[in-house]
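**Q** Protein sequence lines, in the order shown, are assigned to chains X and B. Start counting the first sequence at 13; every next residue gets the next number (my numbering). Start counting the second sequence at 33; every next residue gets the next number (my numbering).
There may be inaccurate statements among the hints.
[Stated by the list, open to error] For each label pair, taking beta carbons as the anchor points, the in silico distance ranges come out as:
id, chain 1, residue 1, chain 2, residue 2, range
1, B, 195, X, 66, 23 to 29 Å
2, B, 51, X, 244, 14 to 20 Å
3, X, 62, B, 174, 48 to 54 Å
[As the list claims (entries may be wrong)] Away from chain X, derived, C-beta distances all over 10 Å, residues of chain B:
id, residue
4, 48
5, 100
6, 102
7, 126
8, 169
9, 221
10, 229
11, 248
12, 254
13, 273
14, 287
The hints are simulated quantities; they were obtained by calculation from the structure and are not laboratory data. Cβ atoms here follow ideal geometry from the backbone N, Cα and C, with glycine treated the same way.
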Amino acid sequence: MARSNALTAALAGFGAGTLATLANFGRFWLFSLHALSFVPVELVTVRGWRRLLPQCFHIGACSVPVIMLTGMFIGMVLIVQGYEQFDAAGLRDRLGAIVNISIAAELGPVLAGVMLAGRVGGALAAELGTMNVTEQLLALRSMGADPVRHLVVPRFLACLFLTPLLTAYADLLGALGAFGIFVGVYGGPPEPYWAFTREIVQLWDLGTGLIKALFFGAAIGLVSCYKGFHCRPGAEGVGQACTQSFVVSFILILMLDFFLNVVLNGLYSVWYGYRSLI
Amino acid sequence: MSDTDPIIELRGVTKTFGRQRVLDEIDLRVERGRNTVIVGRSGTGKSVLLKHIVGLLRPDRGAVYFAGQRIDTLGERALVPIRQQISFVFQLNALFDSMTVLENVAFPMTENQRGRLDHRKIRALAERCLEMVGLRGFERKRPAELSGGERKRVALARAIALDPPPRVILYDEPTAGLDPQRSDAINKLIRRLQEHVHVTGVIVTHDMKSAAEVGDRLLVLWNGRFIADGPPTEVLQARDEHVRRFVQGIAEPEDLRLINA
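Based on the sequences and whatever the hints tell you, model everything.
**A** What follows is the structure, given as structure tokens:
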């Protein structure tokens, strides 16, 4: 009897947890659709741009140094990791191309996205969470203003537009950092480094990286704003919202990266066929 | 709709959070141009009641009317014209941190009256409202740079910064956390708004001095229901045990039992 009661309680707990997760998922999509419904209007009105531009500064311009550093160190560490192996295999001249394609198509967007999820996502969740617990969101509603339109849409658009731009910065600094270590530390020849890069790295690789960054930016913007809007009361609630915002954004970035790679690689195979990097 | 009809009416409003019934079939008629004060112990649903009036919360049962129109069934967009006639002074002031004092005060006008009011007129009106609350010269400051009393006064300035002025102002503990002199100044301002601008006020407070000073009518909320209703002088003399204890600031026996235990 006791065993069957425990089983029932466990099943009930599992059921309640599943329902709560599904409800949260549904609320997130309703929230996202509500925000997306304002995007066209905000992009064609002066007031929309007035709200958007300060966010572009906070989310974009203020993230440039950290993104550039991230990109540069990725490039540098890839050369350090790969030089001896490639040199031993007689493929030293091709190392630059391999590193640059890794940065452009994969590491640049993913690591820039993760950095932004931490720096921007956390800040957005904290800012909106604090506004939530100090009744500022209610105050907006009480004045007839839509908090989603005023607060979420500009932040979402800034994340959407600027994540690819910041990824391009990360790619550029990654390539330069790698080149600096390749030539400056290991004494590799500069001409073949760029020649093979030109030959192997295609616009497609750069484009797929930037397309992925666009999705990562959208995910960071929507998840962070949702977590801020739905945080629990008090400092603990705001703290949890920040943590959850980063964790969910991070997982989403990895999942999106996987599915986008599957789709984009499939499209490449259909349109261009197989290509060898070596 | 005649002048004697209530501007706000709650009929049988019930609101439950989890297992706690916060409002229990509340009936309330707020008369135009008068200040109605609601007092009660912390957590008895006073702020919840205010939020029902402006549609920020919806009742589980019952109906809410503003100027004869039922509003608890309206969607967010349909509520906008109603909300443009009601100002809300929040307990925590709810000033927007990212804006200056002037931008905060001008916000309701820039949001709702753009097109009808040009930028210069909005600015002039916002400055006049700041002058009314004694905060000229604070226009460029941010809320974080202000003291608690100054923030409260900015919130009041924002509440009155509409052209025409709001028909109703809801005050959620307007004197909470202020020193007696600042509280007195806020009370006088609430009175002045009612007498000179004929704004209907609904004031939620714990401050009995403030309640007596600003109220034309005083209600005591207890366990989700009103247990006293009348002019402040009458309610302050009421014989009901709970009312008497509340207005005199004497703890309830069950609270004392908990402390002794």
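**Q** Hints first: check each against the structure and report whether it holds.
**A** Each hint, compared with the structure:
1. For residue 195/B and residue 66/X, the Cβ-Cβ distance of about 27 Å falls inside the hinted range of 23 to 29 Å, so the restraint holds.
2. At roughly 19 Å, the beta-carbon separation of residue 51/B and residue 244/X lies within the given 14 to 20 Å, and the hint holds.
3. Our hint of 48 to 54 Å for residue 62/X and residue 174/B is violated, since their Cβ atoms are close to 18 Å apart.
4. No beta-carbon of chain X comes within 10 Å of the beta-carbon of residue 48/B; the shortest separation is about 18 Å.
5. Once the 10 Å rule is applied to beta carbons, residue 100/B is consistent with being away from chain X; the minimum gap is 20 Å.
6. At roughly 18 Å, the least C-beta separation between residue 102/B and chain X is larger than 10 Å, which holds for a residue marked as non-interface.
7. Listed as a non-interface residue, residue 126/B fails to keep its Cβ farther than 10 Å from every Cβ of chain X; the least gap is roughly 4 Å.
8. Non-interface call for residue 169/B relative to chain X: holds, since the shortest CB-CB distance, roughly 24 Å, exceeds 10 Å.
9. Chain X leaves residue 221/B outside its interface by the beta-carbon criterion, the shortest separation being 19 Å against a cut-off of 10 Å.
10. Residue-level check passed: residue 229/B sits 18 Å from the nearest beta carbon of chain X, beyond 10 Å.
11. With a closest Cβ-Cβ approach of about 24 Å to chain X, residue 248/B is found to remain outside the 10 Å limit, as its non-interface label requires.
12. With a least CB separation of 25 Å from chain X, residue 254/B remains clear of the 10 Å interface cut-off, as annotated.
13. Against chain X, the non-interface label of residue 273/B holds: every CB pair exceeds 10 Å, the least being about 33 Å.
14. Interface exclusion of residue 287/B from chain X stands, the closest Cβ pair being 24 Å apart, more than 10 Å.
In the structure shown, a violation is registered for the earlier hints numbered 3 and 7, in ascending order.
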